[in-house]
Amino acid sequence: MSIRIGIIGAGPGGYIAAIRAAQLGAEVLLFEQEEVGGTCLNWGCIPMKTLRATAEAIEQFHRAKELGIDLEGAFKPNLDRIMARKNEVIQLLVQGIRKILSSYKIQPVLGQAFPVDPRMIQVRGNQGVEQNYPVDKMILASGSRPLVFPAFPFDGTQILSSNDALVLKEVPESILIIGGGVIGCEFAFIFQALGSRVTVVEALPRVIGLPSVDEDCSTVLQREMKKKKIKLYLDKTVEQTEVRNGSVKVTIGPSPFLQEVKEKDKKPVEVEVQKVLVSIGRQSNAEDLGLRKLGLEVDAQGWIAADNRLETNIPGIYAIGDALGPSRIMLAHVASSEGIVAVENIMGRNRAMNYEVVPAGIFTFPEIANVGLTEPQARERGLEVRSDSFPFRALGKPQAMGEIVGQVKIISARKSRQLVGVHIAGPHATDLIAEGALAIRLGATVEDLAQTIHAHPTLAEAVMEAAHQAGGTGLHTLKNS
Amino acid sequence: MTNIKFHQDHAWIRMEDGIGIIGISQYAQEQLGKIIYVELPDPGTEVTAGEPLGALESSKVTSDLMAPVSGEVVESNQSLEEEPTLVNDSPYERGWITRVRLKNPAELEGLMEEDAYLAHLSNK
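As you go down the protein sequences, you meet chains U and B in turn. Residues 0 to 480, numbered by numbering that gives the first Met the number 0, are exactly what the first sequence covers, in order. Residues 0 to 123, numbered by numbering that gives the first Met the number 0, are exactly what the second sequence covers, in order.
In case anyone wonders, no lab produced these hints; they're calculated from the structure. Hints may contain errors.
[As the list claims (entries may be wrong)] In silico DSSO-like pairs for lysine-lysine, Cα to Cα no more than 27 Å straight-line:
hint	chain 1	residue 1	chain 2	residue 2
1	U	Lys64	U	Lys227
2	U	Lys263	U	Lys228
3	B	Lys33	U	Lys396
4	B	Lys59	U	Lys226
5	B	Lys59	U	Lys396
6	U	Lys230	U	Lys265
The task is simple: from the sequences and hints, build the whole structure.
Right, dumping it as structure tokens:
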């Protein structure tokens, strides 16, 4: 008899796990309380990227004159149609996943599922009907949702979560974004392009201050925000929001992370905006699963603990994806990879999850992407590295496109010459990073990269040029510079 | 040019009513080429001699603007937002970048007169 695997959550972790499990001959029960595709497809990556496509088109319209086009009359975004297109894209992809699942005879069970014991999943259906499903093994892929901060509870109309922002009916005249991280910055550029007056408040001294993000990438982004008149407050925090009729009064003060606050920075600043978007992180959905009652190890924030094989402290129960929290990496493609590892372990293989080479993309204007270590991270590990950058503007393709902002930076080990990290800010950075991921995974040296012929004229030449720089053989740079 | 001093990283400073006006040299603007964006420091920003106080972007290169002195930014040249090429056309006058209240006026002593700066350039 085949093994029966129950998977709670059909996001990019859960549905990929389901497919892999079916491929390996397991009987799969996939539980989902909303829609297949999870946050990524319904409330994250994909809707954001469809909105971004519109924002990008608007940016191109603004460049009409530069590109030699006489644009007569005005243009303006139509949010109804933008949102309708977004929903169409989501529906198309949801149907695609459903079709693949159904080809494996997997029919997602709708409802709120939770484990009652390690071999039983209970589902509360939409009509309140409870049903029990016996399973042999279980994968928790319950994901995350926007973090609620008690000081600014979401009201869906004026204090928005990222989910609320994806279903807005009108472009806000002005919006203040609390949190200049990945989601906050992506929204900042989108709203700015749509015509909102945008303010971003970030508690750290730079935007997207993740340890995995190169500081030069933050610098580029901050300069682009300045160019686009996105008002950025760094080292600041929102102390208070006061919802009024049609507007929100926001009080901005010094960041709690500051060691010492200068006298002139102590005085709070007040800003009045139409809407506030809170993007200060994510919280675990696993809180709702009653895992502690089972004796399953969960931290104070509700993130599930699992070993590198992705098994929890209860044998037979595995966990993947956002449910594991930020100590792993909360990205869709990491969840999918974890789903495969968990399933293969259940099916008798012995696989450990490797988080060393995980590319990440940030869809701002310009895009940011990274894989591997930053220079400070490499030094922390005691590695002797060098860092070499090459600016896009020194190449033909970016000049022809008129998109010259940014650079490729390669971090490489001094002795072995192997790549340790690649950090890109610039046009199509999120696509270009794939080469860096492959190079690091295969242990390539900077010479391997430099000696690989890159097509001309392409953006990818910047990766080759940065590798040349690291080898001291830079071509499109001035001598001795 | 009188009353104007140069930092080795190509910023100039001229004192006027106790405030230092800062820009980049003719040589620097030639090297950069057509300026397409000047990242101006906001008033109130504290700057440190030898550290970036802003940046200049041309179609060829992005270059940090190194502060010739330490102090606090009083005002930046807003007309550069619309017309960054003022830095090319008039680097010492209309293309000024920022005005700074000096923290330590003695730092001016460490800067070069024009002759010395030009000599410094010919040694490059």
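Hints versus structure:
For a cut-off of 27 Å, the pair hint linking lysine 64 of chain U to lysine 227 of chain U stands: about 17 Å separates their Cα positions. For the hint linking lysine 263 of chain U to lysine 228 of chain U, the alpha-carbon distance of about 23 Å falls within 27 Å, and the restraint holds. Distance check on the hinted pair: lysine 33 of chain B and lysine 396 of chain U sit about 19 Å apart at the alpha-carbon level, within 27 Å; holds. Between lysine 59 of chain B and lysine 226 of chain U the alpha-carbon distance is near 18 Å, which keeps this suggested pair within the 27 Å criterion.
Between lysine 59 of chain B and lysine 396 of chain U, the direct Cα distance comes to roughly 13 Å. Compliance with the 27 Å bound is thereby established for this hinted pair. With a CA separation close to 19 Å, the supplied pair lysine 230 of chain U and lysine 265 of chain U stays within the 27 Å bound.
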